[in-house]
Amino acid sequence: MVTRQPTGRRALVGFCLLASLLPGLAVQANWDFARIIRLAEQRYGGLGVGRERLEQWALLIEHGGGFDEEAQLRAVNGFFNQALRFTDDASTWQQLDYWATPLEALVKGAGDCEDYAIAKYLTLRQLGVPGEKLRITYVKALELDQAHMVLAWYATPTSEPLVLDNLIPDIRPASQRPDLLPVYAFNAEGVWLPGAGGNQRSGDSKTLSRWQDLLNKMRHEGFARHPGKEAP
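Oh and the sequence shown: position 10 is 10 in the working numbering, straight run, nothing missing.
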């Protein structure tokens, strides 16, 4: 995987300033971030800059519910692409393949492609984007000749998806990402395989053990209700 641009705190501060100008917007989330951060401090000790990232994530969720969906996509994609630096699981977690929760990734300030895609998916679901519009998608990054993960957003079930990726900052239609070859996709509702007649649902995401383990970890982190299992 190619390392992305380094983390920039200016972009995070910029979002906070924007959000501070938008009081009174509808709040979709019901996560208790004061409790979540307190539990994280009990687990990790002093969070340092990680606490700032969690507070900025809370601010994004608090105010992002008032944005239209495409603005939500841009805000969430930009936030995580700036908040996290790319590192592989061996370096971050001393494991070959580890799916971090958004909290774990933000405390570390680092993650791999799965962590970016999962964090964006869960945040957009918490903002109220319907699950059927979002799919966490495994692809082959052809130029890199390796497996990769992105988040796809579908305006309608038959629409060409927009791709949220950590490799590039722009959100582009899938037709403008010839470097990505879809392998399969999933969300809380199911698993899809690409096909000649369009994407075809092929199974239940409950069979994906890493996904279920991640949702269970979120519950222990204080996310009493998480959007990966049910709508906000």
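Hints were generated in silico from the structure; no laboratory data involved.
Note that CB positions come from ideal geometry on N, CA and C, so glycine has one too.
Careful: at least some of the hints might be erroneous.
As the list claims (entries may be wrong) - Keeping only pairs whose Cα atoms sit at most 30 Å apart, straight-line, the calculated DSS-like set for lysine-lysine is: (1) K133 / K217; (2) K133 / K108; (3) K217 / K140; (4) K217 / K108; (5) K108 / K140.
Stated by the list, open to error - Here are the simulated distance ranges between beta carbons: (6) T156 / Q94: 23 to 33 Å; (7) D145 / R51: 36 to 46 Å; (8) S175 / G46: 41 to 51 Å; (9) G46 / L181: 42 to 52 Å; (10) L193 / A71: 23 to 33 Å; (11) S91 / P173: 41 to 51 Å; (12) D213 / Q176: 16 to 26 Å; (13) G46 / L193: 39 to 49 Å; (14) P157 / L39: 30 to 40 Å; (15) R43 / A155: 16 to 26 Å; (16) L181 / G45: 40 to 50 Å; (17) G66 / D32: 12 to 22 Å; (18) G46 / E69: 28 to 38 Å.
We went through each hint and held it up to the structure:
Proximity of K133 to K217 is assessed by CA-CA distance (about 24 Å); at most 30 Å being required, the pair is judged to hold. Under the criterion of a C-alpha separation no larger than 30 Å, the hint pairing K133 with K108 is consistent with the structure, at around 29 Å. For the hint pairing K217 with K140, the CA-to-CA distance comes to about 28 Å; that is within 30 Å, so the pair holds. Note on K217 and K108: the hinted pairing holds, with a Cα-Cα distance of about 16 Å set against a maximum of 30 Å.
As the CA atoms of K108 and K140 are separated by approximately 26 Å, the hinted pair is consistent with the 30 Å bound. The supplied range of 23 to 33 Å is broken by T156 and Q94, whose beta-carbon atoms lie about 43 Å from each other. Between D145 and R51 the Cβ separation comes to about 38 Å, which falls inside the hinted range of 36 to 46 Å. Separated by about 46 Å at the C-beta atoms, S175 and G46 satisfy the suggested range of 41 to 51 Å.
At about 43 Å, the CB distance of G46 to L181 agrees with the hint of 42 to 52 Å. Distance hint check for L193 and A71: the Cβ-Cβ separation is about 31 Å, which falls inside the suggested range of 23 to 33 Å. The supplied range of 41 to 51 Å is broken by S91 and P173, whose beta-carbon atoms lie about 33 Å from each other. Take D213 and Q176: their Cβ atoms lie about 34 Å apart, and the range 16 to 26 Å is violated.
Hint check: G46 to L193, Cβ distance near 45 Å, so the stated range 39 to 49 Å holds. Look at P157 against L39: about 38 Å separates their beta carbons, and that is inside 30 to 40 Å. Here the CB-CB span from R43 to A155 is close to 39 Å, at odds with the stated 16 to 26 Å. Judged by the Cβ atoms, the range 40 to 50 Å given for L181 and G45 holds: they are separated by roughly 42 Å.
One distance hint, 12 to 22 Å for the beta-carbon pair G66 and D32, holds here, with the actual separation near 20 Å. Taking 28 to 38 Å as the suggested C-beta distance range, the pair G46 and E69 conforms, at roughly 37 Å.
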